[in-house]
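Student: Chain by chain, the residues:
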Amino acid sequence: MKRSLRFLTIVACSVVLGCEREVAGPERVLGPGPLELQVATPNADDGALLLAVSGGPVDSVTLSEFEVTALEVAAGDYRVLIHGGSIARVWVRDRGTRSAYVASVAQAVSRSTYERRAIAGYAVIITAGR
Amino acid sequence: MTQGVVINCPGIMVATVTSSSAGPLTGVQVFISEPGPGGGLWLATTDASGRFTFQQDGRYSVGIAPQNVPPGCTQPPSQIVTLVQQGLVQVDIPLTCGAAAQNMDHVDFTADAAARDLLGAVTLSDAQRAYLDRHGNHDGSYDLGDLLAFLDRTHAKLAPGLLGAMPRSKERAP
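As they're listed, the protein sequences go chains A and B.
Its first residue numbered 2, the first sequence is counted upward by one per residue in this note's numbering.
Its first residue numbered 9, the second sequence is counted upward by one per residue in this note's numbering.
Next up, chain A with everything else stripped away, as it sits in the complex (with noise of 0.2 angstroms):
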């Protein structure tokens, strides 16, 4: 019966090392490919987004739905146009690297007015994509 307890001892403590190791290890390197851009808008009619992207080189900017172009205008500084829809996907080299990168709306304009709106409300979130 002891013997048992040791080896379940054992065997428990081994788990939690595990865990432990698994958590305080280094970043998992997610390798290339695409970082959502989720524009949070207050507002139910935008035309069109202008973006800010930085932190990173970016390989290219695609999305089926909408329209979006890209520019870089400064090393690892992008500027992102989105026509019609608030959603892009930047591709990267490493998505593991997604905390470097930060975006925020630099433009937004009313879908019927053309009118530029103020940008306080706005905000971008970034995630991994698949």
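It is worth saying that the hints were derived from the structure and are not from the lab.
Every residue gets a Cβ at the ideal spot worked out from N, C-alpha and C, and that includes glycine.
Careful: at least some of the hints might be erroneous.
[What the hints assert, rightly or not] To spell it out: a stretch of chain A is covered by chain B in this simulated footprint if at least three of its residues, at any positions, have a beta carbon under 8 angstroms from a beta carbon of chain B; those stretches are:
(1) 43 to 52
(2) 70 to 76
(3) 80 to 89
(4) 100 to 110
(5) 113 to 124
[Unchecked claim] Listed next, the stretches of chain B that the computed footprint assigns to chain A, with coverage defined by at least 3 CB atoms under 8 angstroms from CB atoms of chain A:
(6) 82 to 91
(7) 123 to 131
(8) 157 to 166
On the provided structure of chain A, position chain B as indicated by the hints.
Tutor: Chain B alone, transformed into the frame defined by chain A:
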């Protein structure tokens, strides 16, 4: 035996800046740049006869930066000039000014040029930006609303994806 003497004379460019309404223009600053990263950049100013000369072999882009275009005139497109030894190249840089500029300021730009300009590259002239604003949200400057109005009006599509990077050394012409 007579030995020949070889004189290496670099190619020379004689350029003239003229206005459609006022003839030769004095004191206009023109840039001469070598393409590619790290390429040289020269600035020349036209003399009393609207001319300047430049002498050095090579391939150059010659033009006038938006901020140096005289008021009321449209920015002319840059020209590619190749200078070779002992060659003489005459370059005419005509500016359309006055009423004619107002009438033609809307031509010769694409949706991609309009988008690139908004994204940070300099691909439109001041007159073209003013035209887009006049036909857009009319708030005094070219912005996203003006581009959206242009896309709606012309049914043009944006080039998808990454349009590339601005040249590091010359993203803004002098």
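Student: Establish whether the coverage given for the region 82 to 91 of chain B by chain A is satisfied; the threshold is a Cβ-Cβ distance below 8 angstroms, and no fewer than three residues must meet it.
Tutor: violated (count 0)
Student: When I compare C-beta atoms, does the region 80 to 89 of chain A have three or more residues closer than 8 angstroms to chain B?
Tutor: holds (count 3)
Student: Three residues minimum, CB to CB under 8 angstroms: does the region 123 to 131 of chain B make the cut for coverage by chain A? Let me know.
Tutor: holds (count 6)
Student: Can the region 157 to 166 of chain B be counted as covered by chain A under the rule of three residues or more with Cβ-Cβ separation shorter than 8 angstroms?
Tutor: holds (count 4)
Student: How about the region 43 to 52 of chain A: do at least three of its residues have a C-beta closer than 8 angstroms to a C-beta of chain B?
Tutor: n = 4 at 8 angstroms, threshold three: holds.
Student: Do three or more residues of the region 100 to 110 of chain A come closer than 8 angstroms to chain B, measuring C-beta to C-beta?
Tutor: holds (count 3)
Student: Apply the coverage criterion to the region 113 to 124 of chain A and chain B: a residue qualifies when its Cβ sits closer than 8 angstroms to a Cβ of the chain, and three qualifying residues are needed.
Tutor: It holds: at least three residues are needed, and the region 113 to 124 of chain A offers 4 whose Cβ sits within less than 8 angstroms of chain B.
Student: Would you say the region 70 to 76 of chain A counts as covered by chain B, given the rule of at least 3 residues with C-beta under 8 angstroms?
Tutor: Since 7 is at least three, the answer is holds.
Of the numbered hints stated above, the single one contradicted by the structure is hint 6.
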